[in-house]
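J.: Here is how the chains run, residue by residue.
Number of protein chains: 2
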Amino acid sequence: MQTRRSRKRIICTPIGIIHSEHRVPEETPAQPAFARDCSGRVEVFPEYAEGLKDLEGFSHLILLYHFHKAADTKLTVKPCLVDMPKGVFATRHPSRPNHIGLSIVRLTSVEGATLHIEDVDILDGSPLLDIKPYVPQFDQVADARRGWTASVPEEVSRQRGRRGYRPKKPE
Amino acid sequence: MQTRRSRKRIICTPIGIIHSEHRVPEETPAQPAFARDCSGRVEVFPEYAEGLKDLEGFSHLILLYHFHKAADTKLTVKPCLVDMPKGVFATRHPSRPNHIGLSIVRLTSVEGATLHIEDVDILDGSPLLDIKPYVPQFDQVADARRGWTASVPEEVSRQRGRRGYRPKKPE
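Sequence order for the protein chains is A and B.
Read in our numbering, the first sequence has 155 at position 155, and its numbers run on one by one without any break.
Read in our numbering, the second sequence has 149 at position 149, and its numbers run on one by one without any break.
Treat the hints with care, as some may be off.
All copies of an identical chain are treated as equivalent in the list; a pair is satisfied when it fits inside any one copy or across any two copies.
Claimed, not checked - For lysine to any residue, the following SDA-like pairs were computed, each having C-alpha atoms within a straight-line distance of at most 20 angstroms:
1. LYS53 / VAL82
2. LYS78 / SER95
3. LYS53 / MET84
4. LYS78 / GLU56
5. LYS69 / GLU56
6. LYS69 / ARG23
7. LYS69 / LEU102
8. LYS8 / ASN98
9. LYS69 / ILE11
10. LYS8 / SER109
11. LYS53 / ASP83
12. LYS69 / ARG7
13. LYS8 / ALA70
14. LYS69 / GLN159
These aren't lab readings, by the way, just hints derived from the structure by calculation.
With the hints as constraints, model all of the structure from the sequences given.
T.: Okay, here's the thing in structure tokens:
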């Protein structure tokens, strides 16, 4: 009974849109760690603006959003860092059930219902589902074991994680 | 145009259920940091089991789940750590738009499609939406500023964050 109830579908409504310079999935950095020079902004819909109060004291935010360009769901994927297939839940690949993305971005300023952010690895136009403050006491895990990612040399990880991204030349 | 498209509702399907000893929201620790002695397990539905491959090398998982007992949505909430109201996006309070919860739990073992976990601050029966590996390189932010939570003394935070939870006596 519980199982049946727990399989009930859950309907989410976007609370805003994420804007970035990333328009091509294949050229979008795979993680904020690989997107240090990428800026963006979060446009929170006006009816949710009240919820942004007290946010400006935090330097980092956890954004949950919809991988809106990920049409398919696969249980085995090839992550961008290695050429070996992995179980999707052992990766951050977009082709996952429910297509929910998570990025920890840097908050530089709040201007009304607009959040200016840095380290943005998110496709332009991604529907925003939630904003949570990054709280070191909750979100920093000391000595976490990093599974298969430990076998990827740092330089390889940096190159592949950045994907096809090239910073735009100033105009 | 983009705004209208981005407001399209997103339908999520639970991929499993989280089991824990927490049955009363008011007595459930507010974060894994306050739930060090609480065990639980994640039952992943069989059709998603393939996606768990390669997960056992990670010591910690990010679970996304539905706050299924949070009936209401509020933009200003009273977090459990302080008596002052805060904007909901500056907190981890369940009464948030879309009711998506995030917990970083410790993975102790994988047994078929069951994940045994520790540091569980999640209500029993919560529908699971996603599992992501906790990757220190991606998820550890050095020197993050922690906003209003910095003004809560550690001991107060520990006491209040634990909420009404009392470990069960061995039977």
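J.: Against this structure, judge whether each hint is valid.
T.: Each hint, compared with the structure:
no., hint, in the structure
1, LYS53 / VAL82, "between (41 angstroms within a copy, 15 angstroms between copies)"
2, LYS78 / SER95, "within (10 angstroms within a copy, 36 angstroms between copies)"
3, LYS53 / MET84, "between (44 angstroms within a copy, 12 angstroms between copies)"
4, LYS78 / GLU56, "between (37 angstroms within a copy, 18 angstroms between copies)"
5, LYS69 / GLU56, "neither (30 angstroms within a copy, 29 angstroms between copies)"
6, LYS69 / ARG23, "within (10 angstroms within a copy, 38 angstroms between copies)"
7, LYS69 / LEU102, "within (15 angstroms within a copy, 23 angstroms between copies)"
8, LYS8 / ASN98, "both (13 angstroms within a copy, 15 angstroms between copies)"
9, LYS69 / ILE11, "both (19 angstroms within a copy, 15 angstroms between copies)"
10, LYS8 / SER109, "neither (38 angstroms within a copy, 27 angstroms between copies)"
11, LYS53 / ASP83, "between (44 angstroms within a copy, 16 angstroms between copies)"
12, LYS69 / ARG7, "between (25 angstroms within a copy, 15 angstroms between copies)"
13, LYS8 / ALA70, "between (23 angstroms within a copy, 15 angstroms between copies)"
14, LYS69 / GLN159, "neither (23 angstroms within a copy, 43 angstroms between copies)"
Checked against the numbered hints above, the structure breaks hints 5, 10 and 14 and satisfies the rest.
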